[in-house]
Amino acid sequence: MSSLSNLPFSLPRWFRALQKPNSSPSNSSSDDNESGPVPASFECYACTQPGAPAFHSTSCDKAHQPEWEASAGSSLIPIRRRPDLLNHRRLRNNSWAFGPVLDPRSKRVHRWNRALLLARALALAVDPLFFYALSIGRAGAPCLYMDGGLAAAVTALRTCVDAVHLVHVWLQLRLAYVSRESLVVGCGKLVWDPRTIAAHYVKSLKGFWFDLFVILPVPQIVFWLVVPRLIKAEQIKLIMTILLLMFLFQFLPKVYHSLCTMKRMQKVTGYVFGTIWWGFALNLIAYFIASHVAGGCWYVLAIQRVAMCLKQQCEKEGTCGLVSLSCSKEICYRLPFPTADDLYGNSCAGHNLTAAAKEVGQKNFAVCLNGEGSFPYGIYRWALPVISSNSLAVKILYPIFWGLMTLSTFGNELEPTSHWLEVIFSIIIVLSGLMLFTLLIGNIQVFLHAVMSRKRKMQLRCRDIEWWMKRRQLPSRLRWRVRQYEHQRWAAMRGEDEMEMIKDLPEGLRRDIRRHLCLDLIKQVPLFHNLDDLILDNICDRVKPMVFSTGEKIVREGDPVQRMVFIVRGHIGSSQNLSKGNVATCTLGPGNFLGDELLSWCLRRPFIDRLPASSATFECFEPTEAFGLDAQHLRYITDHFRYKFASERLKRTARYYSTNWRTWAAVNIQLAWRRYKARTQSRIITAGSEMGDSERKLRLYAAVFMSIKPHDHLE
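Residue 647 in full-length UniProt numbering sits at position 647 of the sequence shown, and the numbers go up by one each step.
These are computed hints drawn from the structure, not numbers from a lab. Ideal Cβ placement from N, Cα and C applies to all residues, glycine included. It is possible that part of the hints are untrue.
Each computed DSBU-like pair below joins lysine-lysine, with the alpha-carbon atoms no more than 35 Å apart [unchecked claim]:
| id | residue 1 | residue 2 |
| --- | --- | --- |
| 1 | Lys107 | Lys503 |
| 2 | Lys237 | Lys316 |
| 3 | Lys544 | Lys644 |
Okay, the calculated beta carbon distance ranges per label pair [as the list claims (entries may be wrong)]:
| id | residue 1 | residue 2 | range |
| --- | --- | --- | --- |
| 4 | Lys503 | Leu118 | 35 to 41 Å |
| 5 | Arg479 | Ala678 | 52 to 58 Å |
| 6 | Leu245 | Gln312 | 23 to 29 Å |
| 7 | Gln266 | Thr159 | 27 to 33 Å |
| 8 | Asn443 | Trp382 | 28 to 34 Å |
| 9 | Trp420 | Asp193 | 53 to 59 Å |
When you get a sec, could you build the whole thing from the sequences and use the hints?
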């Protein structure tokens, strides 16, 4: 042994040559003694394991077995030292001033996306509420003022909704995004660097800057700083112009921003809500918001038309010096419930009117707000009761109703005057109704069709079957069986083929789905209960669900056996013809199977291509659900896993649940028992002795079965 240590290829020197140098003093001192043996603690982990040696690099891990992965075009790489994996984990766990980076595919982000879209829908519904802050007082002289209470409530609501959007902006600064360069192959790669994410979001015009633009407090500034001054200056036309420009300046970009936000969310996750009913609800919400916006614009333009009537009336009567279009209080705060002054309409207009001014005001009210004059209101005539009402609910709900009615009828009820703004508004209403009906109502019809399509498909199928049976003049018994089968098929699978739905999925995912659907049911079959998981996976991948109606014959005696059928629910009767018209019957329930002749046919050597004949007739006693395994699939499984099917335990299980073996064994057991009973009672059994009819039948069955003992080729 000492001479072997001096050889160039001695094992101790070979191990020391492969050892990774260590910088610690304790380890370096041990390397000085070249002739000494290598300590056991320094031996390679992979080399000291029993069995065939495992492949590893020249540097061995002294404590733990290393993990390796294959890289294309290179040797094995240790996973724990892979630089890009370490960088990926470091970036994902990295955080900065705005918090840690978030995964856009997480459930937390999904829930936030849904909440954000609902908040944006609420923001679209809040903006038209500012229009209803303008009111015309019903004091002695009708005048224009701003409802400060409603304006304050809408301002607070708008601020809360914008605060939710600010949270969204904060999350976007820490939300990973899909790199555009990685979209060349596959679904793209997420960027996890926080500074890169923030820079990408800030530089995007449709990102950070657009998000800030849609939450600018433009309505708040206009209604609290601009509108009161213009009301005091009686610039009614300028007020309406500013409000319409404000609507075009911010509301329409908000709609576009909501659509862009939804598309951006779907770019990474693929969906936002994910169900048909959510899509149905979103389309209804969009249609309601459009009606709300149309009603708000209609209300504001109606106030402008009433102001034109009041101004025209005072110029006609020459009473412009007595009454004013603006109330004494430009901003009036009213209680939620009308007081006695509100009921008579003199709480916001002031009490300093003369008797002549009150008389002129009452006349103007009768002409312009009660519709007693000849002023052409056109499409705004229905708004007069709303404007003159002090009920906030009426002011909001009635314009929404008008918008729903007008958009749904494409403006058929509109009769505009020759005023250019009224004509343009009517044209916009008609075009908006057509567009909404085409897009939103069309989508709702698609969703309803998706929900009802299967039921409609079943109805069409039943109608075609009824027509075919009537044309072919099938007897009533066959028609009843066809109807029973179709009804049971619809009740079991809702008219869909489960295996057809998953055939285009990846093989691994399809196998897992089949295992989830079929494994528990297949394990109920005693023949497959103790098989390996690998064999069960192959069986699950090849079985197909089957449905049988009451009275249906699955296979007749003497017919070739096409498949093995494993009963899941229901009961099946087996009948086997014996000699001289005798029939042996039994009942199969859940967990039993039929077609066991195929198992011996697959295991027989030499193999015969001809399918075996069925030894009995099987008929359903009730609606039955089962799994079928075709003959070719069973042959594939038995050929590839023959070591398991040739086991003695499986052979005993197959014989125990076989209908042929059970019938043969039952007859022989009964015969043996009766012979034993006769011997114990000192009865002599001879061929010429008198026996009952049942005894003779039993002897006959025994003689028949003893001569044709079942043969399953499992020996």
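For each hint, the structure was consulted:
Taking the CA atoms of lysine 107 and lysine 503, the gap is near 28 Å; set against the 35 Å cutoff, the hint holds. With a C-alpha separation of about 19 Å, the suggested pairing of lysine 237 with lysine 316 holds against the 35 Å cut-off. Distance restraint check for lysine 544 and lysine 644: the Cα-Cα separation of roughly 23 Å lies within the 35 Å cut-off, and the hinted pair is therefore satisfied. Evaluation of the 35 to 41 Å hint for lysine 503 and leucine 118 yields a pass: the beta carbon distance comes to about 37 Å.
Judged by the Cβ atoms, the range 52 to 58 Å given for arginine 479 and alanine 678 holds: they are separated by roughly 54 Å. In this structure, leucine 245 and glutamine 312 meet the distance hint of 23 to 29 Å, their C-beta atoms being roughly 25 Å apart. In this structure the supplied range 27 to 33 Å holds for glutamine 266 paired with threonine 159, their Cβ-Cβ distance being about 29 Å. At about 30 Å, the beta-carbon gap between asparagine 443 and tryptophan 382 stays in the expected band of 28 to 34 Å.
Between tryptophan 420 and aspartate 193 the C-beta distance comes to about 56 Å, which sits within the given range of 53 to 59 Å.
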